[in-house]
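Listed in order, the protein sequences are those of chains H and X. All residue numbers for the first sequence refer to this note's numbering, where the first residue is 106 and numbers rise by one. All residue numbers for the second sequence refer to this note's numbering, where the first residue is 4 and numbers rise by one.
Since the hints were derived computationally from the structure, they do not count as laboratory data. Careful, some of the hints might be misleading.
Stated by the list, open to error - Subject to a maximum C-alpha distance of 25 Å in a straight line, what follows is the list of computed BS3-like cross-link-like pairs (lysine-lysine):
id, chain 1, residue 1, chain 2, residue 2
1, H, 668, H, 702
2, X, 267, H, 757
3, H, 642, H, 668
4, H, 557, X, 267
Stated by the list, open to error - Not everything, but these chain X residues come out facing chain H in the computed CB check (under 8 Å):
id, residue
5, 9
6, 79
7, 106
8, 183
9, 259
Positions of the beta carbon are idealized from the N, C-alpha and C atoms, including for glycine.
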Amino acid sequence: MAVEGIGARALRKEDKRFITGKGRYTDDMTMPGMGHAAFVRSPHAHAKVKGIDASAALEMPGVDAVLTGDQLVGDGIGNLICGWMIHSKDGSPMKMGGWRALEPEIVRHVGQAVAVVVADTQAQARDAADAVIVDYEELPAVIDPLAALESGAPQIHPEAEGNLIYDWEIGDEAATNAAFEKAAHVTRMEIHNNRLVPNAMEPRAALAGYDAAEEHYTLYTTSQNPHVARLVLSAFYNVAPENKLRVIAPDVGGGFGSKIYIYPEEMVCLWASKRVGRPVKWVSDRTEAFLTDAHGRDHRSEAELALDADNKILGLRVKTIANLGAYMSLFSSSVPTYLYATLLSGQYDIPAIHANVKTVYTNTTPVDAYRGAGRPEATYLLERIMETAAREVGLSPAEFRRKNFIRTFPHQTPVIMCYDAGDYDATLDAALKAADYDGFAARKAEAASRGKLRGIGLSCYIEACGIAPSAAVGSLGAGVGLWESAEVRVNPVGSIEVLTGSHSHGQGHETTFAQLISERFGLDTSAVSIVHGDTDKVQFGMGTYGSRSGAVGMSAIVKALDKVEAKAKKIAAHLMEASEGDIQIEGGELKVAGTDKKLTFTEVALAAYTAHNLPEGMEPGLKEGAFYDPTNFTFPAGTYVCEVEVDPDTGKTEVVNFVAADDFGNIINPMIVEGQVHGGITQGIGQALLENASYDENGQLLTASYMDYCMPRADDVPSYSLSTHVTACPGNPLGMKGCGEAGAIGSPPAVINAITDAIGDNSLSMPASPEKVWALYHAGVKQAAE
Amino acid sequence: MYETTYHKAGSVAEAASLMANADDGKFLGGGQTLLPTMKQRLAAPSDLVDVTKIADMKGISANGDGVTIGAATTHYEVSTSDLVKQKLPGLASLAGGIGDPAVRHMGTMGGSISNNDPAADYPAALVALGATVVTSKRELVAEDFFTGMFETALEEDEIVVAIKFPGAAASAYAKYPNPASRYAMAGVFVAKASDGSVKVAVTGAGQNGVFRMSAMETALSGNFSPDAVAGIAPDANDLLSDIHGSAAYRANLVTVMAKRAVQKA
Ligand SMILES: Cc1cc2nc3c(=O)[nH]c(=O)nc-3n(C[C@H](O)[C@H](O)[C@H](O)COP(=O)(O)OP(=O)(O)OC[C@H]3O[C@@H](n4cnc5c(N)ncnc54)[C@H](O)[C@@H]3O)c2cc1C
Numbered sequence: 106m107a108v109e110g111i112g113a114r115a116l117r118k119e120d121k122r123f124i125t126g127k128g129r130y131t132d133d134m135t136m137p138g139m140g141h142a143a144f145v146r147s148p149h150a151h152a153k154v155k156g157i158d159a160s161a162a163l164e165m166p167g168v169d170a171v172l173t174g175d176q177l178v179g180d181g182i183g184n185l186i187c188g189w190m191i192h193s194k195d196g197s198p199m200k201m202g203g204w205r206a207l208e209p210e211i212v213r214h215v216g217q218a219v220a221v222v223v224a225d226t227q228a229q230a231r232d233a234a235d236a237v238i239v240d241y242e243e244l245p246a247v248i249d250p251l252a253a254l255e256s257g258a259p260q261i262h263p264e265a266e267g268n269l270i271y272d273w274e275i276g277d278e279a280a281t282n283a284a285f286e287k288a289a290h291v292t293r294m295e296i297h298n299n300r301l302v303p304n305a306m307e308p309r310a311a312l313a314g315y316d317a318a319e320e321h322y323t324l325y326t327t328s329q330n331p332h333v334a335r336l337v338l339s340a341f342y343n344v345a346p347e348n349k350l351r352v353i354a355p356d357v358g359g360g361f362g363s364k365i366y367i368y369p370e371e372m373v374c375l376w377a378s379k380r381v382g383r384p385v386k387w388v389s390d391r392t393e394a395f396l397t398d399a400h401g402r403d404h405r406s407e408a409e410l411a412l413d414a415d416n417k418i419l420g421l422r423v424k425t426i427a428n429l430g431a432y433m434s435l436f437s438s439s440v441p442t443y444l445y446a447t448l449l450s451g452q453y454d455i456p457a458i459h460a461n462v463k464t465v466y467t468n469t470t471p472v473d474a475y476r477g478a479g480r481p482e483a484t485y486l487l488e489r490i491m492e493t494a495a496r497e498v499g500l501s502p503a504e505f506r507r508k509n510f511i512r513t514f515p516h517q518t519p520v521i522m523c524y525d526a527g528d529y530d531a532t533l534d535a536a537l538k539a540a541d542y543d544g545f546a547a548r549k550a551e552a553a554s555r556g557k558l559r560g561i562g563l564s565c566y567i568e569a570c571g572i573a574p575s576a577a578v579g580s581l582g583a584g585v586g587l588w589e590s591a592e593v594r595v596n597p598v599g600s601i602e603v604l605t606g607s608h609s610h611g612q613g614h615e616t617t618f619a620q621l622i623s624e625r626f627g628l629d630t631s632a633v634s635i636v637h638g639d640t641d642k643v644q645f646g647m648g649t650y651g652s653r654s655g656a657v658g659m660s661a662i663v664k665a666l667d668k669v670e671a672k673a674k675k676i677a678a679h680l681m682e683a684s685e686g687d688i689q690i691e692g693g694e695l696k697v698a699g700t701d702k703k704l705t706f707t708e709v710a711l712a713a714y715t716a717h718n719l720p721e722g723m724e725p726g727l728k729e730g731a732f733y734d735p736t737n738f739t740f741p742a743g744t745y746v747c748e749v750e751v752d753p754d755t756g757k758t759e760v761v762n763f764v765a766a767d768d769f770g771n772i773i774n775p776m777i778v779e780g781q782v783h784g785g786i787t788q789g790i791g792q793a794l795l796e797n798a799s800y801d802e803n804g805q806l807l808t809a810s811y812m813d814y815c816m817p818r819a820d821d822v823p824s825y826s827l828s829t830h831v832t833a834c835p836g837n838p839l840g841m842k843g844c845g846e847a848g849a850i851g852s853p854p855a856v857i858n859a860i861t862d863a864i865g866d867n868s869l870s871m872p873a874s875p876e877k878v879w880a881l882y883h884a885g886v887k888q889a890a891e
Numbered sequence: 004m005y006e007t008t009y010h011k012a013g014s015v016a017e018a019a020s021l022m023a024n025a026d027d028g029k030f031l032g033g034g035q036t037l038l039p040t041m042k043q044r045l046a047a048p049s050d051l052v053d054v055t056k057i058a059d060m061k062g063i064s065a066n067g068d069g070v071t072i073g074a075a076t077t078h079y080e081v082s083t084s085d086l087v088k089q090k091l092p093g094l095a096s097l098a099g100g101i102g103d104p105a106v107r108h109m110g111t112m113g114g115s116i117s118n119n120d121p122a123a124d125y126p127a128a129l130v131a132l133g134a135t136v137v138t139s140k141r142e143l144v145a146e147d148f149f150t151g152m153f154e155t156a157l158e159e160d161e162i163v164v165a166i167k168f169p170g171a172a173a174s175a176y177a178k179y180p181n182p183a184s185r186y187a188m189a190g191v192f193v194a195k196a197s198d199g200s201v202k203v204a205v206t207g208a209g210q211n212g213v214f215r216m217s218a219m220e221t222a223l224s225g226n227f228s229p230d231a232v233a234g235i236a237p238d239a240n241d242l243l244s245d246i247h248g249s250a251a252y253r254a255n256l257v258t259v260m261a262k263r264a265v266q267k268a
């Protein structure tokens, strides 16, 4: 280790334990006397639960108990909730149906839990779960979101008539319609965003224990936000008061949003640990993950773009139907509204936008935020229609975008967001240059000589991170504030612990956060430990999602560091009989400017704790906390260029080049940022080419394993060409914007735009399966021949 | 996984007797199909009789122009064998394209053909090369061994011991993998025998597992070139259709893979 400050490509401190198999995940935890849970799950997409016969299961070896929804409800455990209130355009509140952690009456998706078995071993619990006999009466199911809105469709929740959860709008409808009336050209498209399964490497897991003497629960769980989990478990599900519930999210192997939410299983483990009188562990298997982890995306949209005679955008009109699945997951309502439609202006000066979003219940797994959450859907829609419009009016897609770029900041869009800073020409130029956009025609001709169809596609994305100013999101319906907290504890010998409300599940916080301290005090990063993920250790915090740990989480640390620095300087000035303003911190020392007087950071820390000689009235110790509430979202943006070759015989697409030019504001650790972009782009290519959650008409998930659900693999993607351009974010002390989701947000339209360029058909939808590409291409060839 | 009892057999005879004594036993090869099925609780054999430690069932040896491959030989061993590469390059390259390295180091030829997954690769090679399957009870030509989707002529207690491949003047395999599982969506094995006759076998596409394309065989006997098969496709009505590819798309893939196999051969 070394002094590695802001901008250093410091190797990740946490990787030694991850790479050597010494990570400590929830399934690595044990509690004395612990039992294992297995869930009894519905094989039907929609059915009445007429009876549950556990008598045979209870006789099986090692079985403690079989618990059902009636007992859960009887014990006063509350329903699972959605924490963001959305109102329909007529002013009525969203229609939330009841969601019980174990369903006693009507199951609404395949895989929903109706009972839990607790036994000595996992194998015994599973064997017994198989022996629980549930008497179901099947009900008609509806899987397709458009069909769910039709009259006569099966009714999923009594609260939501016609399966409509809300009918929401944003923007000025009259102004938008007027823009279309005077348009010289209108481009219209149907744009679908395919449903995805998150597939974190570590499946969800929980280990819950109840201490009857203390009336206290401990829950180890795979959470991106343990404090929010504790709050929800306590305030809404009535498991226990917060001071009687400790939630620990130890090492967590990936989340991508899917571990933000409080799911039935984790809560049932807590409840069961008290009922059964022994700690209870549950670890999801991969099939359960496919069936019950919140899915992502699943939008059906119609989009229209109006241009004037000079190809300037006059307006954008969007209608979206978003499938939320069988229940409203924790943040599901916000994803297709404030995280989606507020980004529809993209990087462009669009005078009028109107979007209407309807969300519907279907008999499928609940859908919630997944890497990007709403912003990939917005970017995909806008960047597909931008590319298509350019092709329709015969302009270069790059020039068409440039013509419509926003260039003055701050810029107020017609859909709430106020962009604070950016330079979209810079990232477009950098990407075009790196991709040799001008040389494409020659590459296309060379590919044609090999019998391949080559295409190039652009995507100029913008997204909103750093979620979010608490008062702003509160006014939009959020049930919580979205600030972050930090505490910096300097130990008597000068080493430092930083307690953060952010949570790392792959992001490398232990390294980047330590770099902040290294930079500030000139200390070796090995002298800094980052503590997170334990509600007993760390003050209340909001957790990690929406690329907020840098812009919000680190800003809180900076505020705490400011206080530590001020106090350390006061102590140093006092000890060296200098004036506070003359103290400078450099290389781990506090120096009096213009003299050779100095004290090491350790000496000052020790002085703070011995307290033998502190300034008059100063409290001993060197430990400061801070809460940081952002003033605005941050707006990462950039341009992605994808180049593909399609095999006309099979329709198979090969991504032959991928260029990303991003503006993430200031960067702490470029290596970690590149890792985030690599992962994000790969996920985006996965969505564009390979991934799709596919149901049959009865609601069975056809892609419930890796035999059928195709995750991107190393040989599906090229080496990426990455660059960054910095416009510092004016809204936070570090000038950071966020980089965690950009890759997944910006890449899908670039890939699809490249394929549509190659095959000459703009109607292609995701995922661009070989068969789809093959069929569209040959239909086009046939049509041209006729 | 349900509870099961594991037995390691030292000889073919011992394996047969262990199976005879088992309540509802299954032979265990590399476990690459059977164990995942058991983990998903879709199979619950009372006993597993491991045949991969039986010396007589392992290894690759020359057999006239051809080769004999023990049923417990792994895909990795087949793909890296100099003998196979020299005599039947199509078979070696096929084995090197099965699954991933972990699967190839565990999975066996005997296990693969006994399972007869309609998307497995080996059945196409056995049929096109005219291989003979040697079991604990008899010898069967490949076309009689494979009887339908996941169906073979094997009896419950019958063990595949070895596979005998005759030599070939040319052999090649072209596979279009399912993007998720990377099993074959259409795999075509083309073999030209020393007498000039040609066999073409297709896996991954047929509703009843591996099948021969006699129209392609006839065309190739006269003119062994990709163009000869370019206009020939199987009847889509006989092909598989699923979320990864319709029958019409698979029919096209069979033609394309046949062209590529002939090109390689
Ligand atoms: C991730 C993954 C990817 C794969 N990809 C491919 C692919 O691309 N192409 C492909 O062809 N296959 C693929 N496979 C399957 C793989 O080739 C398996 O190895 C093969 O199907 C089964 O062989 P095994 O030796 O593992 O048999 P096992 O799984 O042990 O057994 C399979 C069946 O055969 C029986 N059996 C085993 N040996 C004998 C014997 N000697 N005599 C009689 N019965 C026997 C067993 O009782 C069982 O019913 C893949 C598997 C995995 C897990």
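For each hint, the structure was consulted:
1. Distance hint between residue 668 of chain H and residue 702 of chain H is fulfilled; the C-alpha atoms sit about 23 Å from each other, no more than 25 Å.
2. Between the alpha carbons of residue 267 of chain X and residue 757 of chain H the distance comes to roughly 20 Å, so the proposed pair stays at or under 25 Å and holds.
3. A distance of roughly 21 Å separates the Cα atoms of residue 642 of chain H and residue 668 of chain H; the hinted pair therefore holds under the 25 Å criterion.
4. Taking the CA atoms of residue 557 of chain H and residue 267 of chain X, the gap is near 19 Å; set against the 25 Å cutoff, the hint holds.
5. Contact between residue 9 of chain X and chain H, as hinted, is not supported at the beta carbon level, the nearest pair being about 15 Å apart and thus beyond 8 Å.
6. Nearest Cβ of chain H to the Cβ of residue 79 of chain X: about 19 Å, over the 8 Å cut. The hint is violated.
7. Of the supplied interface hints, the one on residue 106 of chain X is violated, with its beta-carbon coming no nearer than about 13 Å to a beta-carbon of chain H, more than 8 Å.
8. Interface hint at residue 183 of chain X: satisfied, since its Cβ lies 4 Å from the closest Cβ of chain H, which is below the 8 Å cut-off.
9. Against a cut-off of 8 Å between C-beta atoms, the interface hint on residue 259 of chain X holds, since the closest Cβ of chain H lies about 5 Å away.
Hint compliance for this structure: hints 5, 6 and 7 are broken, all remaining hints hold.
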